[in-house]
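Top line first, the protein sequences correspond to chains F and G. When the letters of the first sequence are read in order and numbered with the UniProt record's numbering, they come out as residues 1 to 338. When the letters of the second sequence are read in order and numbered with the UniProt record's numbering, they come out as residues 1 to 338.
These are calculated hints, taken from the structure and not from any lab test. All the pointers check out, no bait thrown in.
Okay, the calculated bits of chain G under chain F, using three or more residues with CB under 8 Å as the criterion:
id : stretch
1  : 74–86
2  : 112–119
What follows is a list of derived Cβ distance ranges for each label pair:
id : chain 1 : residue 1 : chain 2 : residue 2 : range
3  : F       : S116      : G       : R263      : 52 to 62 Å
4  : G       : D225      : F       : R215      : 30 to 40 Å
5  : F       : R313      : G       : D321      : 50 to 60 Å
Remember, it's a predicted structure, so these values are computed and weren't measured experimentally. All C-beta atoms in this analysis are idealised placements derived from N, C-alpha and C, irrespective of residue type, glycine included.
2 protein chains.
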Amino acid sequence: MTLSARPTLSQVADLAGVSVASVSRVLNGLPASREMTTRVRAAVDSLGYTPDARARSLKVGRTEQLVLVVPDVGNPVYTGLMRAVAAVVKDAGYRLLLSTGNSEVAEEIAILDGLSSGYADGVIISPLRMTEPILQALQRLRHPAVVIGTPPAAVPLDAVQADSAAGVQLAMQHLVDTDRHRIAFVNGPVDTVPGTARQRGFDRADERLLAGAGRRYAAAAFTVDAGRDIAERVLDDRPDAVLCANDLLAFGVMRVAHSRGIRVPDDLAVVGIDDTDLAAVVSPGLTSVNLGSGERGAAAARLLLARIADPDRPAERVVVDPWLTVRESSTPAREGDR
Amino acid sequence: MTLSARPTLSQVADLAGVSVASVSRVLNGLPASREMTTRVRAAVDSLGYTPDARARSLKVGRTEQLVLVVPDVGNPVYTGLMRAVAAVVKDAGYRLLLSTGNSEVAEEIAILDGLSSGYADGVIISPLRMTEPILQALQRLRHPAVVIGTPPAAVPLDAVQADSAAGVQLAMQHLVDTDRHRIAFVNGPVDTVPGTARQRGFDRADERLLAGAGRRYAAAAFTVDAGRDIAERVLDDRPDAVLCANDLLAFGVMRVAHSRGIRVPDDLAVVGIDDTDLAAVVSPGLTSVNLGSGERGAAAARLLLARIADPDRPAERVVVDPWLTVRESSTPAREGDR
Numbered sequence: 001m002t003l004s005a006r007p008t009l010s011q012v013a014d015l016a017g018v019s020v021a022s023v024s025r026v027l028n029g030l031p032a033s034r035e036m037t038t039r040v041r042a043a044v045d046s047l048g049y050t051p052d053a054r055a056r057s058l059k060v061g062r063t064e065q066l067v068l069v070v071p072d073v074g075n076p077v078y079t080g081l082m083r084a085v086a087a088v089v090k091d092a093g094y095r096l097l098l099s100t101g102n103s104e105v106a107e108e109i110a111i112l113d114g115l116s117s118g119y120a121d122g123v124i125i126s127p128l129r130m131t132e133p134i135l136q137a138l139q140r141l142r143h144p145a146v147v148i149g150t151p152p153a154a155v156p157l158d159a160v161q162a163d164s165a166a167g168v169q170l171a172m173q174h175l176v177d178t179d180r181h182r183i184a185f186v187n188g189p190v191d192t193v194p195g196t197a198r199q200r201g202f203d204r205a206d207e208r209l210l211a212g213a214g215r216r217y218a219a220a221a222f223t224v225d226a227g228r229d230i231a232e233r234v235l236d237d238r239p240d241a242v243l244c245a246n247d248l249l250a251f252g253v254m255r256v257a258h259s260r261g262i263r264v265p266d267d268l269a270v271v272g273i274d275d276t277d278l279a280a281v282v283s284p285g286l287t288s289v290n291l292g293s294g295e296r297g298a299a300a301a302r303l304l305l306a307r308i309a310d311p312d313r314p315a316e317r318v319v320v321d322p323w324l325t326v327r328e329s330s331t332p333a334r335e336g337d338r
Numbered sequence: 001m002t003l004s005a006r007p008t009l010s011q012v013a014d015l016a017g018v019s020v021a022s023v024s025r026v027l028n029g030l031p032a033s034r035e036m037t038t039r040v041r042a043a044v045d046s047l048g049y050t051p052d053a054r055a056r057s058l059k060v061g062r063t064e065q066l067v068l069v070v071p072d073v074g075n076p077v078y079t080g081l082m083r084a085v086a087a088v089v090k091d092a093g094y095r096l097l098l099s100t101g102n103s104e105v106a107e108e109i110a111i112l113d114g115l116s117s118g119y120a121d122g123v124i125i126s127p128l129r130m131t132e133p134i135l136q137a138l139q140r141l142r143h144p145a146v147v148i149g150t151p152p153a154a155v156p157l158d159a160v161q162a163d164s165a166a167g168v169q170l171a172m173q174h175l176v177d178t179d180r181h182r183i184a185f186v187n188g189p190v191d192t193v194p195g196t197a198r199q200r201g202f203d204r205a206d207e208r209l210l211a212g213a214g215r216r217y218a219a220a221a222f223t224v225d226a227g228r229d230i231a232e233r234v235l236d237d238r239p240d241a242v243l244c245a246n247d248l249l250a251f252g253v254m255r256v257a258h259s260r261g262i263r264v265p266d267d268l269a270v271v272g273i274d275d276t277d278l279a280a281v282v283s284p285g286l287t288s289v290n291l292g293s294g295e296r297g298a299a300a301a302r303l304l305l306a307r308i309a310d311p312d313r314p315a316e317r318v319v320v321d322p323w324l325t326v327r328e329s330s331t332p333a334r335e336g337d338r
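The following block holds chain F by itself, in its conformation from the complex:
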């Protein structure tokens, strides 16, 4: 330690001979043994440690509430995420509130800025677009925050990300292995976090497996209605498989195929992404890439709790691997998970 560097929580912990979490407990006024308290206080005094602004706001603002901000409460992938986050934070004594920016960056920023009133101890946000204003709002936040998504590497934020490219590759490999070759990719808006990542994944897999022959379409939103609207054009081009950038788009495509008498999976394989609860409810059941939304929610919750316990810990990034759940919508025989 040089004289000019601000002492850290870890150095206090080392000197006191206790864990960083224990130091946090004492500094945040949580129950701790008398001996523990004495040792931590002595180390704090000896090093001249002062908690930074974020740590101070934590001490003031023990609300026992955390907030999850998602783009759309009507999309089951986000309600699944909420259940996963809620399960983890509940064990730590926190209640979870859900807030939505309705796919509007300005509203997401207003929610982040609104945290300054101190009604919650931390936030997990899954922004639809990772724009500069969102990153700035996150950085001026005095509360612990975790991002579900991929902020630029230079930005020191705790983040949990999916591996969309690997997920799209799994789906494409499955389609090619089951003899589909005229593959259409139906994305949502490309300038969004999922849109960009899934497009990049498709481009890569298309190049590798179909020598770039795949067709690309962009729906107006990640919704069933937008899927229905674009399906007319997609099906006119007579693909033998449609990979959709989320399950809702896939449901829209399946409805239009049904109304045109196109049989799924016999005439057309349909694959979604997100593997929502609904994928197993529709008939035929929808094959879907699971990007681990439950696992990402749980990981984000654990990162947030760790950040609350230790505001000085280095930013951490977690990547969750995808898998493919195969159901009837992409299997040639009419059997499978019914």
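Once you've looked at the hints, dock chain G against the given chain F.
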């Protein structure tokens, strides 16, 4: 006005010659003209008006946030409700937070009691069970609250209720009119707000239309999985129609019918309740009773805003009428809304 009665906001408004809403604005420190402010202040002084505890807490706690408490964020009827509430309160400058008690009364009570920390200006709650402890928690609340459901008539709470009995009657009449007579009713837990109301509706319609011949079943929860579980037993009894107490139960029944080779609607009509977005997504589309969840959400939001503006207004109850959306799952010919 007798000398012993506490003066009300309406009396202040009458004396000042302005609306109750204007009095609320002045007392809550919101922008108002100088003339308006002078007249209201003079009337307040002359009558000796003092705002009650609830009104005071409002003055202190302008958080611009409201909370909606629902039993299950995974049920699309509640996300639809949230969108309807959010749309109304947003126009009034409020942000909406969603909180869930996970179908547990104790958690719902903890959420209501947690409002005392002042992080929101009011709450709308759709309790799964209308128990005495919930009613007590609502009555000790210092914040404006609106219930979606049917509290006992003697309890002075703003409430918005569905007319489940009329909704069930619509569905039963439709089934009888389309020549279905062996009708099974699949309820969720009967000791819940929707379970009780929908059971009563079925009993009445069954008596009137089938002379009490309808069969009754109770699933373990209002979920797709519970619907699947009970469907085995229901379908063994060979009904020609199944009316389910919500759409999720109906999806579970449709999946099991599909796996047994029972054709919907040719062999079996299936009808749900709630008319969620998903009812139009599945194939065949699900006929469903719409209990006006969007309308109830909007009405609850308007009641809450009115209560915030005037804490002294008398409690109000709003009943929303149901309608039936007929899709393929209950029409004999394979046509309709595809």
